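> Since the structure of chain H is provided, determine the placement of chains Y, B and Z on it from the hints.
Chains as they are written, first to last, in this note's numbering: chain H, 100 to 767; chain Y, 2 to 147; chain B, 23 to 363; chain Z, 369 to 654.
Don't take each hint at face value.
Calculated lysine-lysine pairs in the DSS-like style (CA-CA distance at most 25 Å, straight line) [unchecked claim]:
| no. | chain 1 | residue 1 | chain 2 | residue 2 |
| --- | --- | --- | --- | --- |
| 1 | H | Lys154 | B | Lys99 |
| 2 | Z | Lys649 | H | Lys723 |
| 3 | H | Lys482 | H | Lys457 |
| 4 | H | Lys506 | Z | Lys647 |
| 5 | H | Lys482 | Y | Lys118 |
| 6 | B | Lys94 | H | Lys122 |
| 7 | H | Lys634 | Z | Lys528 |
| 8 | Z | Lys566 | B | Lys94 |
| 9 | B | Lys198 | B | Lys144 |
| 10 | Z | Lys436 | H | Lys718 |
| 11 | H | Lys154 | B | Lys98 |
| 12 | Z | Lys436 | H | Lys723 |
| 13 | B | Lys99 | H | Lys122 |
| 14 | B | Lys280 | Z | Lys566 |
| 15 | B | Lys94 | B | Lys280 |
| 16 | B | Lys144 | B | Lys111 |
| 17 | B | Lys53 | Z | Lys528 |
| 18 | Z | Lys649 | Y | Lys118 |
| 19 | B | Lys223 | Z | Lys400 |
| 20 | B | Lys53 | Z | Lys649 |
| 21 | H | Lys670 | H | Lys617 |
| 22 | Z | Lys647 | H | Lys723 |
| 23 | H | Lys529 | H | Lys459 |
| 24 | H | Lys122 | B | Lys280 |
| 25 | H | Lys513 | H | Lys434 |
These aren't lab readings, by the way, just hints derived from the structure by calculation. Please read these numbers as outputs of a predicted model, since none were measured by experiment.
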Amino acid sequence: MARIGVFTCWCGENVARHVDIEKVTETVAQMPGVRCSINYKYMCSDPGQAQIRDKIQSERLTGLVVASCSPHMHLKTFRKAAQTAGLNPYLVEMANIREHCSWVHHNREEATAKALDLIRMSVEKVKRDHELVPIRVPLTRRALVIGGGVAGIQAALDIADAGHEVALVEREPSIGGKMAGLSETFPTLDCSQCILTPRMVEVGQHPNIKLYTYSEVESVEGYVGNFKITIRQKARYVDMVKCTGCGDCWNSCPIKKNLSEFDCGMGFRKAIYIPFPQAVPARPVIDRLACTRLKRGTGCGLCEKKCQAKAINFADEDKLVVEQAGAVIVATGYKLYNIAKEQDNAQLSGYGEYGYGKYKDVIDALQFERLVSASGPTGGEIKRPSDGKIPQSVVFIKCVGSRDNAKGLAYCSKICCMYTAKHTMLYKHKTPGGEAHVFYMDIRAGGKAYDEFVRRAIEQDGAKYYRGRVSKITEENGKLIVRGADTLAGAPVTIEADMVVLAVAMRPADGVHALAQKLNVGYDEFGFLSESHPKLRPVETNAAGVFICGACHAPKDIPEAVAQASAAAGKTLVMFGREELTREPEIARINEQTCAACYTCVRGCPYTAIERAETLTPKGVHVKYTARVNEGLCMGCGTCVALCPSKSAELEGFTEQQIYSMVESLMT
Amino acid sequence: MNETNRFEPRIIAYVCNWCTYLGADLAGTNRLEYPANVRIIRFPCTGRIDFNLIVKAFEAGADAVLVSGCHPGDCHYTAGNYHARRRWMLFRQLLDTLGIDLNRIHFTWISAAEGRKWAQVVTGITEQTRQMGPYTAYREIARASA
Amino acid sequence: MSEIITHAELRRLMDDWIARGGEVIGPAAVKPDLVQYARLESAGLMLSGYIHPANSIKEFFFPRSEILYRYKFTGKKIELSDVVNDPVKPMLIMGARPCDASMLPILDRVFNWDYKDNFYDKRRDAATVVTMACTEHDDACFCTSVGCGPAAEQGSDALLIRLGEDAFEVRCLTGKGRALFQGKTQPGERTAEIPPGPPLKFDADFVRKFTRDNFDNPIWGELTLRCAGCAACAYTCPTCHCFDIVDEGNAYGGARVKNWDCCQFSMFTQHASGHNPRSAQGQRQRQRLSHKFAIYPDKFGEILCTGCGNCGRICPVGLGVLTVLEEISNATPSLESVEPV
Amino acid sequence: MIVDQLRELCARLLSEGTAQVVIGYGQAAPGKPAYPVFIRRAEDADQLVWNDQCMTNLAATLKRREVKALGKPAVIVKGCDERALIMLAKESQIVRANIYVIGVECNGAGRPAMAKCASCDVHVPRWTDTVIRETESQAAAVRTTPSSARYADLEAFMRKTPEARLAFWRAEFGRCVKCYACRQVCPLCYCERCIADKNRPCVIDTSATPKGNFAWHITRAFHLAARCAGCDECARACPAHIDLRLLNLALAAAAEDHFGWRAGMDPEAEPPAGAYSLKDKEDFIG
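Same shape as in the complex, but just chain H (with noise of 0.2 Å):
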């Protein structure tokens, strides 16, 4: 039989002023299965807190019911005075008879009869709480960072100088991403990999990291605290721990001209190769399409006849490592927009006008990058693509395929006005008397020193902005023709040109989406995972326990990146400094006798914290198919619980019998 305490308190004249007190006790101690009901001038404060406890312990009391501000405001604290006393802190409800009642009812005989009616409701519903204890959730100390771009190497460093293992995954033969490519960074013109390359080696060498190059995730199992993920090795032909690094081997490589992915097809490389000279780890790749031995299975074995430390392993096979992982941090970032014709997304058409691939001079602003970079194919000399020559006037075209919901995306990749700014600024520093156009539909530079940056772009290094797009390019006796609009000055513009240089837009990498699928974590309709908030958990997501930073999330500059990457790690160590992972306990969970496995619940769950199982005897025989939440990963939020037809679905504190009681409670 439940006995209730009941609290009704005055919040001075806030709750008094118009609701009638006395009258509320009275009348709520004739309600069945109260027990006691009192009032006092302030619940909260000590002395209230004090009765309640006391009156906890005199009238051992099965529930309580404090009416008086929002739950928001005060239901911890009355959890807590409750837990002081004894008694399960979940068998603690609040009536809402300030901010929903007295408040914003004036009329003493109709707040008071509302009052007494929310009374009645949590009255009833709390008959219905269940003890509940917090939920512990093993934890693996341990993050899987995937990317090895600035962002994933920031996060990694982090939670590897916080004293957390960090297993890092990178893709490419060299962590390092984009950023290692680029030549310097706005505002400040620094060099890029000087900056990097020393956090590059940082990694390499911290005891806290294991690094896995040219490696992929293969797919991931377990939930938040207890991810267990399988990583995919592939063949590298190079034996990492005999491997010296000397470049005998790349040295004396016949096959040379295969395009330099690094240098984005400006420059070539070997068949066996490190992707840049600071690359980490500073060990080679066979590139298997390339070799010639690894094409025949016979024949040339240059490198391995050079290499003294018997390093190279034409056997080599792909291998699959499992690693433990309390938190993943998803750093995958972006790739360009493909501007030629041929698209991936049927939505996209490209921008076959400017010719890209069709004229050797158009290029995108990645590859201008490896032209200005002193390590680029022209040893940072500004010479462009067809001839050798240095450009004596270069265009600019912003938002290529950026704010174009015609035939790009819609959004605005964010970096190219201030990188475009660089850009004119690199080119006119290294070509006296060179002439730097840039058409533009906006310029957007907000952040610490951008629109300084661009005002000296224009100012003071003499680079002509147009506002308006570029209708088409076209090429006339080693010229590119460019021809656009000045919508500022009312006039067509033409310009001929030595080179183009597109600021294409950014979009997620490659394979992110199976990447994604893995995680469950949701993205939206370009490709760019979904945070869990937009404003209040912004490196969250909603898989528990996986975050994510940098350009996978959305277009962003080093800086933005970076403070994400520490942030993701922040929370990532902020879930470390515990010895186990406590959750809410008022979570949805499944009655396994009446489930009928329909699986809409797994459908329709928000976090995929239901599961497709299995019923067993004891003894492991099979019993029946189930649907079953994984506490690690619930939330709370009872959206299965309304999608479950035969109600097998239940959310602790918020179950069907005490809502349905609660309604019931205002039938007359």
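Same frame as chain H, but now just chains Y, B and Z:
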């Protein structure tokens, strides 16, 4: 209830914890007065609110029912309100076929910042329901005698 | 010598009953393709030319849902309010089939053998039942196999037998019947002929013995494999009388209600532990047939079935009492070899 | 003759061990409604019938424990029944590969033909293991029916005022005795414990009162929203002839209208139940 003895509608509101409940809290904090006819039942999310509860509200004698939660995109649980929206899209059609008065079933998105909207919505529903009078049709159905 | 009433006079009699504040129940076309016993607002709504309505008159004595009493909690006080003495209107059931009225003596025993069910009895007392002898039968009818027939008199206060197009012969069987027709009939020369009922379709004694001796026979499961497990048979059956008692209300009060229940539902015997002694549909079918042909007869001497055939007509998979019993009879080598009980 | 082919196939499936039971139609006498039979021996194959009395949706038998115990089934379906089968697979109730599906061309069941047959556009089952057709020449006989015809009865009903509609349902549900035939014959009502049988809390009053009956019929219809395959077995089984078809039509129309979805028409399509779209309509939300 008061001297004019006018009909006072009974309104049951099913609201989510994170948006509309807080919106109603804000109406309180801002002391926005509105009619006392509404009884709020708090859920974690509109996704938890089953269609049976609308039926139950009418069985319990409600003259109008309000279901309210977070605006699209704002759900604390990201998608509960989308599930709810889809549920009500279909359920309304069933109720309409049954001849149940759709003017007595209201759906709104009210955010934690929209205290004023909460007060306005409740005032509006109360007034509209007062005009329509008690929902005698369903009360007759719900009179539980054989 | 016989007593005769014309159609017009019969209708007048019914309308008078209604005018005096009584209720008249009779077969009516409640939908274009559905005949049911229903409350008639006027005698003109009564239908003729039906074989058997899709329900039975049971529900006018033993309603599908009935409040037993109401209760109210205030503080620690509990108040009960009885409804058993609430008055019921005088009820005239007109045009019941003899197989329907035959269920009344059966239910009389069920509701009075140990505990007197005042709810049933008050309706029984208030009712006058006029049956109409069958001139036709269909494949589903098997009254003759269970000791009933097209002009059976059990449970009837007066029996009408068609006499030509426009009149009935009236056979008053009880005081209630005589009171009803007092002064409404004319003496006549003609005596109506009682048409033959359906042919004998099975031997009830054999069935009784079979059910006793074959509790574990797999034939039950075999023959009833197609049973969908609904209660359409039981709820349209005149004699099925199982009920369940539930409380409906909230923490402040409510009503205790008696509702029809049915042994064909798996929940009927489901224990709180999860165990179900009748976990298969075959067992539940066996129960229903055993109850009708052995358990009830053992206790009260009569078969709990009037052969109305509703179960067979209404079953969505054509599985009535008759279907099963015919199959059992066919499956057993020779009826004659079984000793009568 | 289809029936001969059916019997032959049945005997073959059983003797070859492809199926342990063939679920088909039997009949007590010509002209009587056919009912499910469960053939387990090749020599019993001649119990099978095929004619216009084969109205029952045999997919509904698959949910029953007693039937599951018979072993791997082969089941005979009409085009409309097959839709239920597809939904059962979608909802993990059957593994399609573990069932041998025998499709039979149907040009209308019942005498007169059932209401659904008038707008049938699935005369020939499409994803069966075997399909038996009347003649080769009818291969192109799949009639397509404009969607307007599918919902004609609903549209006519919706022309009544809401008050008239409610009055109609009060009369219809007034006859409901809660025998649950509608639930029991439904291929998609497969819950192990129906919400109507749940008593803590009692969501639906057990009593067959207007209150309990409205609650039940609203629930039954809505639990089948965007799931009901339109076989109309519920309406056919109802001893009180409650027009359950109208309610099913209302939700089918809503699902088609909002999501372009017809239950069981496409085994590849994702069901709307348990899903949502950012583009879902919300003109009714204030």
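> Run every hint past the structure and note whether it holds.
Each hint, compared with the structure:
Restraint check for H:Lys154 and B:Lys99: the C-alpha separation of about 23 Å stays at or below 25 Å, so the hint holds. A C-alpha spacing of about 38 Å is found between Z:Lys649 and H:Lys723, which places the hinted pair above 25 Å, so the restraint is violated. The straight-line distance between the Cα atoms of H:Lys482 and H:Lys457 is roughly 18 Å, inside the 25 Å bound, and the hint therefore holds. Restraint check for H:Lys506 and Z:Lys647: satisfied, since their Cα atoms lie roughly 21 Å apart, inside the 25 Å limit.
Straight-line distance between C-alpha atoms of H:Lys482 and Y:Lys118 comes to about 63 Å, which puts the hinted pair past the 25 Å bound. For the proposed pair B:Lys94 and H:Lys122, the alpha carbon gap of about 21 Å is at most 25 Å, so the pair holds. Our distance criterion of 25 Å between C-alpha atoms is broken by H:Lys634 and Z:Lys528, whose separation comes to about 49 Å. A C-alpha spacing of about 24 Å is found between Z:Lys566 and B:Lys94, which places the hinted pair at or below 25 Å, so the restraint holds.
Note on B:Lys198 and B:Lys144: the hinted pairing holds, with a Cα-Cα distance of about 15 Å set against a maximum of 25 Å. Taking the CA atoms of Z:Lys436 and H:Lys718, the gap is about 23 Å. The hint holds against a cut of 25 Å. For the suggested pair H:Lys154 and B:Lys98, the alpha carbons sit about 20 Å apart, so the restraint of at most 25 Å is met. Only pairs whose Cα atoms come within 25 Å are accepted, and Z:Lys436 paired with H:Lys723 is accepted, the gap being roughly 13 Å.
A distance of roughly 20 Å separates the Cα atoms of B:Lys99 and H:Lys122; the hinted pair therefore holds under the 25 Å criterion. As the CA atoms of B:Lys280 and Z:Lys566 are separated by approximately 17 Å, the hinted pair is consistent with the 25 Å bound. For the hint linking B:Lys94 to B:Lys280, the alpha-carbon distance of about 18 Å falls within 25 Å, and the restraint holds. Proposed proximity of B:Lys144 and B:Lys111 is supported: the alpha carbons are some 10 Å apart, at most 25 Å.
Of the supplied pair hints, the one linking B:Lys53 and Z:Lys528 holds, its CA atoms being roughly 18 Å apart against a limit of 25 Å. The straight-line distance between the Cα atoms of Z:Lys649 and Y:Lys118 is roughly 21 Å, inside the 25 Å bound, and the hint therefore holds. A distance of roughly 18 Å separates the Cα atoms of B:Lys223 and Z:Lys400; the hinted pair therefore holds under the 25 Å criterion. A distance of roughly 38 Å separates the Cα atoms of B:Lys53 and Z:Lys649; the hinted pair therefore is violated under the 25 Å criterion.
Between the alpha carbons of H:Lys670 and H:Lys617 the distance comes to roughly 21 Å, so the proposed pair stays at or under 25 Å and holds. A hinted pair counts as satisfied when its Cα atoms are at most 25 Å apart, and Z:Lys647 with H:Lys723 does not qualify at roughly 37 Å. Our distance criterion of 25 Å between C-alpha atoms is met by H:Lys529 and H:Lys459, whose separation comes to about 21 Å. In summary, the hint linking H:Lys122 to B:Lys280 is not supported, as the alpha carbons are separated by about 38 Å, beyond the 25 Å threshold.
Restraint check for H:Lys513 and H:Lys434: the C-alpha separation of about 14 Å stays at or below 25 Å, so the hint holds.
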